[in-house]
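2 protein chains.
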Amino acid sequence: MKFDNNIPYKIYLTENEMPKSWYNVRADMKTKPAPLLNPATGKPCTFEDLQPVFCDELVRQELNNDDREIPIPQEIRDFYKMYRPSPLVRAYCLEEKLGTPAKIYYKFEGNNTSGSHKLNSAIAQAYYAKMQGLKGVTTETGAGQWGTALSMACSYFGLDCKVFMVKCSYEQKPFRREVMRTYGAAVTPSPSETTNVGRAILKEHPGTSGSLGCAISEAVEEAVSHPGYRYVLGSVLNQVLLHQSVIGLETKAALDKYGITPDIIIGCAGGGSNLGGLISPFMGEKLRGEKNYQIIAVEPASCPSLTRGVFAYDFCDTGHVCPLAKMYTLGSDFIPSPNHAGGLRYHGMSAILSELYDEGLMEARSVEQTKVFEAAEEFARVEGILPAPESSHAIRAAIDEALKCKETGEKKTIVFGLTGTGYFDMVAYQKFHDGEMSDYVPTDAELQESFKKLPKIAGQK
Amino acid sequence: MKFDNNIPYKIYLTENEMPKSWYNVRADMKTKPAPLLNPATGKPCTFEDLQPVFCDELVRQELNNDDREIPIPQEIRDFYKMYRPSPLVRAYCLEEKLGTPAKIYYKFEGNNTSGSHKLNSAIAQAYYAKMQGLKGVTTETGAGQWGTALSMACSYFGLDCKVFMVKCSYEQKPFRREVMRTYGAAVTPSPSETTNVGRAILKEHPGTSGSLGCAISEAVEEAVSHPGYRYVLGSVLNQVLLHQSVIGLETKAALDKYGITPDIIIGCAGGGSNLGGLISPFMGEKLRGEKNYQIIAVEPASCPSLTRGVFAYDFCDTGHVCPLAKMYTLGSDFIPSPNHAGGLRYHGMSAILSELYDEGLMEARSVEQTKVFEAAEEFARVEGILPAPESSHAIRAAIDEALKCKETGEKKTIVFGLTGTGYFDMVAYQKFHDGEMSDYVPTDAELQESFKKLPKIAGQK
Numbered sequence: 049m050k051f052d053n054n055i056p057y058k059i060y061l062t063e064n065e066m067p068k069s070w071y072n073v074r075a076d077m078k079t080k081p082a083p084l085l086n087p088a089t090g091k092p093c094t095f096e097d098l099q100p101v102f103c104d105e106l107v108r109q110e111l112n113n114d115d116r117e118i119p120i121p122q123e124i125r126d127f128y129k130m131y132r133p134s135p136l137v138r139a140y141c142l143e144e145k146l147g148t149p150a151k152i153y154y155k156f157e158g159n160n161t162s163g164s165h166k167l168n169s170a171i172a173q174a175y176y177a178k179m180q181g182l183k184g185v186t187t188e189t190g191a192g193q194w195g196t197a198l199s200m201a202c203s204y205f206g207l208d209c210k211v212f213m214v215k216c217s218y219e220q221k222p223f224r225r226e227v228m229r230t231y232g233a234a235v236t237p238s239p240s241e242t243t244n245v246g247r248a249i250l251k252e253h254p255g256t257s258g259s260l261g262c263a264i265s266e267a268v269e270e271a272v273s274h275p276g277y278r279y280v281l282g283s284v285l286n287q288v289l290l291h292q293s294v295i296g297l298e299t300k301a302a303l304d305k306y307g308i309t310p311d312i313i314i315g316c317a318g319g320g321s322n323l324g325g326l327i328s329p330f331m332g333e334k335l336r337g338e339k340n341y342q343i344i345a346v347e348p349a350s351c352p353s354l355t356r357g358v359f360a361y362d363f364c365d366t367g368h369v370c371p372l373a374k375m376y377t378l379g380s381d382f383i384p385s386p387n388h389a390g391g392l393r394y395h396g397m398s399a400i401l402s403e404l405y406d407e408g409l410m411e412a413r414s415v416e417q418t419k420v421f422e423a424a425e426e427f428a429r430v431e432g433i434l435p436a437p438e439s440s441h442a443i444r445a446a447i448d449e450a451l452k453c454k455e456t457g458e459k460k461t462i463v464f465g466l467t468g469t470g471y472f473d474m475v476a477y478q479k480f481h482d483g484e485m486s487d488y489v490p491t492d493a494e495l496q497e498s499f500k501k502l503p504k505i506a507g508q509k
Numbered sequence: 049m050k051f052d053n054n055i056p057y058k059i060y061l062t063e064n065e066m067p068k069s070w071y072n073v074r075a076d077m078k079t080k081p082a083p084l085l086n087p088a089t090g091k092p093c094t095f096e097d098l099q100p101v102f103c104d105e106l107v108r109q110e111l112n113n114d115d116r117e118i119p120i121p122q123e124i125r126d127f128y129k130m131y132r133p134s135p136l137v138r139a140y141c142l143e144e145k146l147g148t149p150a151k152i153y154y155k156f157e158g159n160n161t162s163g164s165h166k167l168n169s170a171i172a173q174a175y176y177a178k179m180q181g182l183k184g185v186t187t188e189t190g191a192g193q194w195g196t197a198l199s200m201a202c203s204y205f206g207l208d209c210k211v212f213m214v215k216c217s218y219e220q221k222p223f224r225r226e227v228m229r230t231y232g233a234a235v236t237p238s239p240s241e242t243t244n245v246g247r248a249i250l251k252e253h254p255g256t257s258g259s260l261g262c263a264i265s266e267a268v269e270e271a272v273s274h275p276g277y278r279y280v281l282g283s284v285l286n287q288v289l290l291h292q293s294v295i296g297l298e299t300k301a302a303l304d305k306y307g308i309t310p311d312i313i314i315g316c317a318g319g320g321s322n323l324g325g326l327i328s329p330f331m332g333e334k335l336r337g338e339k340n341y342q343i344i345a346v347e348p349a350s351c352p353s354l355t356r357g358v359f360a361y362d363f364c365d366t367g368h369v370c371p372l373a374k375m376y377t378l379g380s381d382f383i384p385s386p387n388h389a390g391g392l393r394y395h396g397m398s399a400i401l402s403e404l405y406d407e408g409l410m411e412a413r414s415v416e417q418t419k420v421f422e423a424a425e426e427f428a429r430v431e432g433i434l435p436a437p438e439s440s441h442a443i444r445a446a447i448d449e450a451l452k453c454k455e456t457g458e459k460k461t462i463v464f465g466l467t468g469t470g471y472f473d474m475v476a477y478q479k480f481h482d483g484e485m486s487d488y489v490p491t492d493a494e495l496q497e498s499f500k501k502l503p504k505i506a507g508q509k
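Residue numbers (our numbering), protein chains in the order written: chain A, 49 to 509; chain B, 49 to 509.
Hints are computed from structural coordinates only; laboratory data are not their basis.
Misleading hints may appear alongside valid ones.
If several chains are the same, the list does not tell them apart, and a pair holds so long as it fits within one copy or across any two.
To be verified - Distance condition first, Cα-Cα at most 30 Å in a straight line; then the derived DSBU-like pairs of lysine-lysine: (1) K145 - K454; (2) K129 - K305; (3) K500 - K129; (4) K215 - K479; (5) K454 - K504; (6) K305 - K419; (7) K183 - K479; (8) K221 - K501; (9) K454 - K58; (10) K91 - K454; (11) K479 - K221; (12) K183 - K334; (13) K339 - K460; (14) K334 - K251; (15) K251 - K58; (16) K334 - K305; (17) K91 - K78.
Can you make the complete structure from the sequences, with help from the hints?
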């Protein structure tokens, strides 16, 4: 293998080089992302509308379209040191395997117990809850990555953490549940008898195995009905993309340190937290007209919100208890076919990314599941890291771009986000090995049917 | 939290500071570890005795008691860069939680897909197999850590990898099996119909769920009966401790870089590969009379080879196909009670460590399982990392030593080895959470019974 001796195989920033502020890309957007709407009034959500549900400071961050830099509190920076800076790795072995003239780098966010980038926002949200003097927070989790990250953050600050875990995952995927318990979280299978909405659902559908929409509804009810508790969410929201900008800031600092300018930046996209965080500072340069980059969002063909969705106001949750957001959406009732990238099975997309995509500032493409796992395995065998199914969407696109370079001879520099590890996703790998993986893609008719159920609000057909 | 701003929270060596040679502690031992004996002749194993089973260069390393430094081939150093240098972390949060004046550091070996330090030797063994022009290697695995590490290494060098996995683990712990398959290994549940010894065992015990001893026997048969294959082992052997010295060398370099001198060095001990690797360079200073350190091996109370075993020649495997080693042993037929630290359930101990312990150059203590998991959970909640059950034995002892300092006011510097993560051990954590964990310790009578079956060889009662 031919290493470039001037550039480390893994670029680690020093702890002193870690970002001291998050970067708020909204400050550089000419057209701001559309505001959240209060479903009761149809008007933009105010601080007062959101305050009963979210921590005060997080509401401020959610609504802040103006401040470009938001200082990262010292306590959060201290916690970041426990698993950050994360390495920017030159994929020498993958390049050699592909025989490409392209240079490939990946920012690896999986070296922490939550196994993903989710911890970057979890610790921030827990911190602001603690500073507000709250007792604890509630949330929902599907496969458990976000719940794990939040449990770790709450354990660190001594906050109560109540996680509603979709019942089928609670029963079929007990490992992440036990990780959460290790960090002291109370994990309740959803639907449960502990909330009104849970009891109502159980009465109507006895024996149901639950859904993320139902778990969100229970978590929100649990928060608003207990003094000293707030609800927290791990993706989609502006505040989450803000916290995740630490990924992009570190990536940019590492590249700048060695004089590397990427041509293409690639990230997987579900709710948008990882992609939004990774691209933020690069997009800022693009918005300010300083640089140009090709930016690619990669989503599952089974849940193609950017590539086949519509840009419209929609509910953020299937339970319709949350505000409306203007975003690329497949409709809040859309149920994607089974896909093992649980973190990408969301019907919508961050309002920030939706606006940027609509303006043509980034591209999107969708990839089929089997192709994703082929890329995952190829990557694992040469680079060592066993990637999460979500992250592997970005790997697929990076490999495809590198192979294009092999054809054209172009020496492009590709950077992609490797959001996490797949240690808790081995059932998916097993199905791949055994040839039992589905590549179902929704038909146009199915999507049109789903679009019909979009909420009727002013200015939207 | 009060950080010392002169010392990073995590000390990462640069890639240029990584060791270029392994350190062979045997070179500094006045009394060398006793040689392996050929069970057929009762005489010390020669190169020719071992050559049919192990790769040539590895046999040379096994028998080399003289060379202090053995260069690490460039290809292995390149691979090490994929997950090394590993961080030496100052446990500020744990210190604060304990309220101890002690300073605690841990060397974390879990940031790779195998989840442990095993990869350090796996890549070396695969490399020498490749250099010898072999087609592949065979091995056994219990819970799957070693098998995973070896699959990764073989995948990197394009070698065949045949893993015999104890059948009950193969069926009950499918996740590591799938990790191995992802890296292209052929994983066979043992006992199997593919070997003579497997068929014989199945005939005698239909429906048996297998044992490590049986899996070793199958792996050895598979290797010696196929041209171009050799057998490899992940612990106990001198060669393995040599490769694992990279842990201690990096630890020492990181400490030296910041002028830190440890008082106490702690590691968990099963076969001895991690402990031997961690302490090697420090033990070297001690053997040469340059420095003095308190060195502590920590083993499970359920499998107390150092603390309650005898120092005698014994079989390395329950199947009695391997050479005899002089070591602290509980007897090769000893079956420890259920313990979730699968990597520490070995009846014997590395010949090197056994000799050092016998000379009083290191201490040993045993800890009970529930106490180990209490330490694991306490550590996880403040330090973030979810530790493997094996590693948590060292955490237990480190916490105990730090609490002693709290009583005495001594400001000792404690370094311990955190060998890996517990992501694939959540069933153990679940039993701990549910209060279903056994703390059974063997009785003296049980041990005496086991000692009676030690092989009768010259000079041994």
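Tested hints:
Taking CA atoms no more than 30 Å apart as the test, K145 paired with K454 passes inside one copy only; the shortest distance there is 12 Å, against 54 Å between copies. In this assembly of identical chains, the alpha carbons of K129 and K305 lie at most 30 Å apart whether taken from the same copy (20 Å) or from different copies (20 Å). Taking identical chains as interchangeable, the C-alpha atoms of K500 and K129 are never at most 30 Å apart, the minima being 47 Å within one chain and 53 Å between chains. Within a single copy, K215 and K479 get their C-alpha atoms as close as 22 Å, and across copies as close as 20 Å, so both meet the 30 Å cut-off.
Taking the shortest Cα distances, K454 and K504 never come within 30 Å of each other, neither inside one copy (49 Å) nor across copies (66 Å). When the C-alpha separation of K305 and K419 is checked against a cutoff of 30 Å, the pair qualifies neither within a copy, at 34 Å, nor between copies, at 46 Å. Taking identical chains as interchangeable, the C-alpha atoms of K183 and K479 lie at most 30 Å apart only when they sit on different chains, with a minimum of 28 Å there against 42 Å within one chain. Within a single copy, K221 and K501 get their C-alpha atoms no closer than 32 Å, and across copies no closer than 44 Å, so neither meets the 30 Å cut-off.
In this assembly of identical chains, K454 and K58 lie within 30 Å of each other by CA distance solely inside one copy; the values are 24 Å within and 39 Å between copies. In this assembly of identical chains, the alpha carbons of K91 and K454 never lie at most 30 Å apart, being 52 Å within a copy and 59 Å across copies at closest. Taking the shortest alpha-carbon separations for K479 and K221, both the intra-copy value of 15 Å and the inter-copy value of 16 Å come in at or below 30 Å. In this assembly of identical chains, the alpha carbons of K183 and K334 never lie at most 30 Å apart, being 42 Å within a copy and 52 Å across copies at closest.
Taking the shortest alpha-carbon separations for K339 and K460, only the intra-copy value of 16 Å comes in at or below 30 Å, while the best inter-copy value is 53 Å. Taking the shortest alpha-carbon separations for K334 and K251, neither the intra-copy value of 53 Å nor the inter-copy value of 71 Å comes in at or below 30 Å. In the homo-oligomer, the alpha carbons of K251 and K58 never lie at most 30 Å apart, since the shortest distance is 54 Å inside one protomer and 52 Å across protomers. Proximity of K334 and K305 under a CA criterion of 30 Å is satisfied intra-copy only: 20 Å inside one chain copy versus 42 Å between copies.
In this assembly of identical chains, the alpha carbons of K91 and K78 lie at most 30 Å apart only when taken from the same copy (22 Å versus 83 Å across copies).
Hint violations for this structure: numbers 3, 5, 6, 8, 10, 12, 14, 15, all remaining hints satisfied.
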